[in-house]
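**Student:** Sequence:
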Amino acid sequence: MALNKSKIAIGFIVAGVLTVVSGIVMLFVGPAVMKDQVIKNTVIDPKNSMSYTMWKDVPVPFFMSVYFFNVLNPREVLKGEKPMVEQKGPFVYRKRIQKDNITFHDNGTVSYREYRTFYFEPTMSSGDESEVVTIPNMLVLGAAGMMENLPYAVRLMISATFKTFKEGPFLTKTVGELMWGYDSGLVDFLNKWLPGMLPSTGKFGLFAEFNNSNTGLFTIFTGKDDIKKIHQVDSWNGLTELNYWKTPQCNMINGTAGQMWAPFMTRESTLPFYSPDACRSMELVYQRDGKMQGIPLFRYVAPKTLFANGTDYAPNAGFCPCRQSGLLNVSSCRHNSPVFISHPHFYNADPVLLDYVQGLNPTEEEHGLFIDIHPMTGVPLNVSIRLQLNLFMKTVSGITETGKIADVVMPMIWFEESGYIDGPILSTFHTNLVVLPAVMEFMQYGFIALGVATIIIASLMHHKFKIHEGKDGCTADENPNTSTGEKYPLLQDHQ
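Per UniProt numbering, the very first residue in the sequence shown carries number 1; after that it's consecutive.
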């Protein structure tokens with residue numbers, strides 16, 4: 001019986017060893033399997049219906065929140081006084097994104113156009129599109145800056161044209177008109193006699209050319225041949241580099257299209273992307289770790305050098321002519337209009353810019369941009385891109401509409417494009433990226449712990465059984481069977 005128990009203990013020891021081996025195998029094989037699944041479900045491939053559909057028709061709700069800088073003292077500004085502004089907003093628009101004209105190529109790339117449409121969301125907004133605001137008139141003050149080097153007589157004629165069409169230096173319109181366009185006799189005149197001067201042939205609005213439009217023809221890598229290159233831009237509108245800027249480095253088209261990045265990111269990774277709206281490539285840097293409903297993430301933010309001038313950051317010299325740090329001069333890709341991009345409220349910009357305008361209060365929480373990325377998949381979980389549109393205003397002799405305006409970079413609007421994964425998509429992410437890895441990790445270490453415990457207990461029991469077996473053997477030797485050697489016979493001879 002003891003022998004049978006000993007064999008059972010040995011069986012448990014073998015089972016424990018196999019369990020430990022299984023746990024160790026899972027420990028090394030598990031991450032490889034996980035990595036293989038990430039690659040399989042990340043590559044842009046129509047055969048993978050779920051990931052392809054998510055890439056083609058982004059299911060995440062995106063919103064654009066717009067804030068206007070309402071000018072409180074336009075008459076005083078014309079006399080050379082400091083502008084006073086108050087922020088109005090947000091005016092929130094739901095943004096629908098859809099890729100079309102999708103073509104796959106033999107070299108592992110895919111081409112597409114991404115169309116965007118905006119829908120006003122009154123319940124999320126602070127006011128209606130009928131709300132009235134006053135901002136600088138880009139048609140007048142922008143044109144004045146563009147024409148300042150023309151002959152004086154020409155500038156007088158331009159001023160007369162403004163007066164003919166009753167265009168002043170400041171514009172008071174509804175939010176809807178400023179966003180999507182308003183009727184202007186001057187716009188009709190310019191489109192008729194100077195076609196191509198304005199970005200739009202219809203109504204003039206700050207976002208008129210963005211609604212129901214596409215961002216150009218992108219060609220990106222699918223990741224089929226090299227997962228490290230997935231989503232990277234191969235060309236944009238057939239170009240592999242831009243011609244807006246002064247140096248090859250500044251004209252480079254780097255990174256992705258700004259929606260997804262390659263998987264398996266580290267804290268040393270950066271987020272490069274090309275923005276057609278900013279006319280350049282940009283790069284965000286790692287700031288900190290975080291979690292979103294249990295899902296691990298890396299937060300990436302804009303470095304202070306992003307909009308630094310060439311003096312403060314030499315590689316940016318190609319984006320000049322520059323003004324103070326914190327401003328990107330986009331006139332070269334915006335019909336030479338003196339337009340600058342910055343962070344909202346001149347956050348992370350030269351403090352002197354705040355001295356020229358009253359009513360600004362920059363903070364990182366409200367005005368800094370960020371992208372929260374799940375490092376294993378390269379998928380953004382939470383995005384907030386915040387940028388400000390500014391107009392450089394100055395007095396231009398001959399154009400009387402400019403009055404005695406002091407040189408100032410005038411904020412007009414700032415907007416936030418935001419989106420985050422929620423609902424069923426977040427639940428799927430949580431299950432696949434938190435629950436399943438946790439279960440797998442528990443099984444790995446659980447198998448090892450169970451196996452070790454089984455080996456220890458079974459070994460102790462085996463040792464105990466062996467001791468009992470030895471004692472039983474000794475007892476048999478010391479107490480021989482009395483039937484084999486009787487001390488007294490059963491029958492005695494009494495004779």
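Read the hints as simulated data drawn from the structure, not as lab findings.
Take these hints with a grain of salt, some might be off.
Claimed, not checked - Taking lysine-lysine and the PhoX-like style, the derived pairs with C-alpha atoms no more than 20 Å apart in a straight line are: (1) K35 x K88; (2) K56 x K99; (3) K192 x K166; (4) K203 x K35; (5) K394 x K82; (6) K35 x K304; (7) K40 x K192; (8) K95 x K56; (9) K35 x K166; (10) K404 x K394; (11) K192 x K173; (12) K5 x K304; (13) K82 x K99; (14) K466 x K7; (15) K163 x K404.
**Student:** Compare the structure with each hint and give your call.
**Tutor:** Here's how the hints hold up against the structure:
Only pairs whose Cα atoms come within 20 Å are accepted, and K35 paired with K88 is rejected, the gap being roughly 47 Å. Between K56 and K99 the CA atoms are separated by roughly 5 Å; this keeps the pair inside 20 Å, and the hint holds. The straight-line distance between the Cα atoms of K192 and K166 is roughly 18 Å, inside the 20 Å bound, and the hint therefore holds. With a C-alpha separation of about 51 Å, the suggested pair K203 and K35 falls outside the 20 Å cut-off, and the hint is violated.
As the CA atoms of K394 and K82 are separated by approximately 12 Å, the hinted pair is consistent with the 20 Å bound. With a C-alpha separation of about 34 Å, the suggested pair K35 and K304 falls outside the 20 Å cut-off, and the hint is violated. For the given pair, K40 sits about 54 Å from K192 by alpha-carbon distance, which is inconsistent with the 20 Å threshold. Taking the CA atoms of K95 and K56, the gap is near 15 Å; set against the 20 Å cutoff, the hint holds.
Distance restraint check for K35 and K166: the Cα-Cα separation of roughly 64 Å exceeds the 20 Å cut-off, and the hinted pair is therefore not satisfied. Restraint check for K404 and K394: satisfied, since their Cα atoms lie roughly 8 Å apart, inside the 20 Å limit. Using a Cα cut-off of 20 Å, the hinted pair K192 and K173 is violated, with the two alpha carbons roughly 24 Å apart. In summary, the hint linking K5 to K304 is not supported, as the alpha carbons are separated by about 73 Å, beyond the 20 Å threshold.
Under the criterion of a C-alpha separation no larger than 20 Å, the hint pairing K82 with K99 is inconsistent with the structure, at around 45 Å. Distance check on the hinted pair: K466 and K7 sit about 10 Å apart at the alpha-carbon level, within 20 Å; holds. Annotation: proposed proximity of K163 to K404 holds, straight-line Cα distance about 17 Å (limit 20 Å).
Against the hints set out earlier in the document, violations occur for numbers 1, 4, 6, 7, 9, 11, 12, 13.
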